[in-house]
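Asks: Spelled out, the chains give:
Number of protein chains: 2
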Amino acid sequence: MAESTSQWADYKVYYHNQTLDHFNYRPESYTTFRQRYVMNAKYWGGANTSAPIFVYLGDEAALDFQIGSAGFLSDNAPKFKALLVYIEHRYYGKSIPFSSREEAFSNASTLGYFSSSQAIADYAEIILHIKKNLSAEKSPVIVVGGSYGGMLAAWFRLKYPHIALGALASSAPILYFDDITPQDGYYSVVSKDFREKSENCYNTLKQSWSEIDRVASQPNGLSILSKQFMTCSPITSASQLKDYLDSNYCEAAQYASPSGDGVSRICNAIDGTSNHTDILGKIFKGLVSFNGNWTCYDVNAFNNPSETDEGWSWQTCSEMVMPIAHGNDTMFQAESFDLDAFVQDCKNAYGVSPRPHWITAEFGGDDIKLILERFGSNIIFSNGLKDPYSSGGVLKSISKSLPAIYTTEGSHCLDILPSLPNDPKWLIKQRRREVEIISNWFRQYYTDLANH
Amino acid sequence: MAESTSQWADYKVYYHNQTLDHFNYRPESYTTFRQRYVMNAKYWGGANTSAPIFVYLGDEAALDFQIGSAGFLSDNAPKFKALLVYIEHRYYGKSIPFSSREEAFSNASTLGYFSSSQAIADYAEIILHIKKNLSAEKSPVIVVGGSYGGMLAAWFRLKYPHIALGALASSAPILYFDDITPQDGYYSVVSKDFREKSENCYNTLKQSWSEIDRVASQPNGLSILSKQFMTCSPITSASQLKDYLDSNYCEAAQYASPSGDGVSRICNAIDGTSNHTDILGKIFKGLVSFNGNWTCYDVNAFNNPSETDEGWSWQTCSEMVMPIAHGNDTMFQAESFDLDAFVQDCKNAYGVSPRPHWITAEFGGDDIKLILERFGSNIIFSNGLKDPYSSGGVLKSISKSLPAIYTTEGSHCLDILPSLPNDPKWLIKQRRREVEIISNWFRQYYTDLANH
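First to last, the sequence lines map onto chains A and B.
With our numbering applied, the first sequence closes on residue 458, and no number is skipped along the way.
With our numbering applied, the second sequence closes on residue 458, and no number is skipped along the way.
It should be emphasised that the hints constitute simulated quantities derived from the structure, not laboratory data.
Some hints here could point you the wrong way.
One copy or two, it doesn't matter: identical chains are merged, so the pair holds either way.
Here are the simulated lysine-lysine pairs, PhoX-like style, with alpha carbons at most 25 Å apart [unchecked claim]:
(1) K375 / K144
(2) K406 / K375
(3) K353 / K198
(4) K375 / K137
(5) K138 / K375
(6) K85 / K375
(7) K375 / K353
(8) K402 / K144
(9) K85 / K138
(10) K291 / K248
(11) K144 / K233
(12) K85 / K402
Go ahead and model the full structure; you've got the sequences and the hints to work with.
Replies: Right, here's the structure in full:
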């Protein structure tokens, strides 16, 4: 027989009958839904040697695209002889409760089961199920996640230490709740990223907002702007265009890749225009260089909300209330986070109010060093300082066993992406440290297990 | 003004508008109910000095009776200048969701919110509310509980380390789930307690069960037994009488007090009868000596179930599934725990099935030393080895900061009861160690706080 021709041949899909509500015993809570997970046992050393299990905790997207990008697992499976498991987050992908996605998303009564605590308990149940099925009760489990998934990974180790030996929480802004992090943290980093690239670019961007306002306030101003920015449909307000540009800059900063980042592309384009070009002309050049050459630009992102948009919209309107605002000292127009307005919008959209203080009540965050210096262990908080979300991450080690590892040059979740031939040294070094730390967890665990 | 004439004058009652379901965002989950808690600030050093807060976590009873018996709090409040808080468990006492107790207990749809995770989250919310109200965010919180409340205390520290600095978990059988503890653990201790008192007494008790069966199988046997044991109504099976005697022996063993315990009373009575008395005559003498002189004995405990009986019945039928059985080598007739029958009984009673593996999935328990030796801190597991529930308790220290403190002579929750003038030395010593350990937690915390 030939070797499998596809790199995906070793990845097998499973479905678990998952409990709808883990914390409630109403008859409806017992309803189950099919939750998808994927396993790759190609490199696994097996239960006999208590070989480890790496579990990728799915976040706000279908699992399909996450498996390929969770390079930390596949890259390190051979070294650790690890079983690889990827679990899809409830309400995403094929892991939808109720009879259809339409029904699940139809109202707060069906969406109500869509919460981080339920998701974490799902992971607990599936990991226990897998370990039991494989008689791998002694195999140490490492949970890995990025961004929201990174928060889940950190919280999972804190809440279920009996199920996960450790967690790699990549780019997890667990401190971006309840104003633990200043509201302008995110946009300050975006601004810094651009300013460090080019002072001229930064100033151009900074001036552009009032220029958009000025043009918009003229007769036919919105029509002029629509033409200049080649929008797919006429814009109906200046905000529409500004929000669109805003999100492009954020994306450029957040996902800056070592092999060529959006911030550079935007600034090179802006700085490269002739002095005769007006500000908005420069801004458009920047947009095109980042976004590509299109016949038109779809400024209204919510025309075609993705599954992630829809799911995350509910999540932010229930518990993931992250007060992110422009603040007063960024390259964006000053704007604060209006909690009351946010709550009202959510109420209008879903009929229920967010619980903006729940995440810190349930998972903590305030005074995290004081609280966790003498409690808990085995979580790596990794960040890249070019990532705007790093402003809400853990950047100082809490204790020896709760280390923070950041790179100055890194962006969002870079360390858990697949390693590439041209990866820079600082990234290779970050990953190597993570692997070393996890190796030490295993060494300690197997020693403890032998002495047990 | 004279000093307050009542010792209760300093205890003030409050009600918190508590969220019905913390982990779900259905509109119904937002319903609130009034949850009772009591505070005594007489000894509190105040927020300015970050003086500590002791919180008693209510268990399966109305709060009323718990405050007086939670002596560890009132006895130590002056020394620690501690604020005392007592919180009632949802679905008990005056902390009943829905419009009435009848409605709350009417079916699984209203009972479904009655779970340990919800109860613990209730405590988290109320403690945060109190701290915020008193501007006492930096005051360290110690949670205290006994038996089921002791489990809640241990679990609270594990799940909410950002809210409680430490826990005193008295007589908490957190390992009596999922067969971590042998099923006969409880009855083995009961038997040992009797046997250590008197071999003759133990043998008499051991022989009595088959004697009851023998008499019951005779014509009019049940009527004979009813008369001999002066039952308030005729018994309808031998089991009824045996279950009643069983529960008396368990109570005698569990609540053995240093100032005179039921095991001694029963055995002294049994051993003191003349040799002419038959076995069941001896048994009845033992019962009377323990239970008191009554005109009749109500063998059917479920004729008048208490609030605790009714609440705990739901709790054991939902998640608190403790597989306790006589086993093969006790002074009781051999009997194993039949999970299938238990599940079926619960289904019949409530329409929903227990989740017998949930407690260990949510809170752990297996290999507790391996798991927690390098995770978590500041939980005292206290036990008395004469307490049958100690068989499911943590009797070996897990780590330096997760100590187990037991006494050979102690019974159920003895250490947290009010201290008495004639308390034995071993009990005084146990409490003193607990106070020392908690003092050290505070010392460490205030040092950390100052360096923070």
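Asks: Work down the list of hints and note, for each, if the structure agrees.
Replies: Right, here's what the structure says about each hint:
1. K375 / K144: between (31 Å within a copy, 14 Å between copies)
2. K406 / K375: Both, since 12 Å and 21 Å are each at most 25 Å.
3. K353 / K198: neither (35 Å within a copy, 61 Å between copies)
4. K375 / K137: between (33 Å within a copy, 19 Å between copies)
5. K138 / K375: between (35 Å within a copy, 20 Å between copies)
6. K85 / K375: Neither: 32 Å inside a chain and 28 Å across chains, both beyond 25 Å.
7. K375 / K353: neither (35 Å within a copy, 46 Å between copies)
8. K402 / K144: So K402 and K144 pass the 25 Å test across copies only (21 Å; inside, 32 Å).
9. K85 / K138: Only inside one copy: K85 and K138 sit 24 Å apart there, 49 Å across copies, limit 25 Å.
10. K291 / K248: within (15 Å within a copy, 89 Å between copies)
11. K144 / K233: Classified as neither: same-chain Cα gap 63 Å, cross-chain 57 Å, threshold 25 Å.
12. K85 / K402: Classified as neither; 28 Å inside a copy, 37 Å across copies.
In this structure, the earlier hints numbered 3, 6, 7, 11 and 12 are contradicted, and the remaining ones agree with it.
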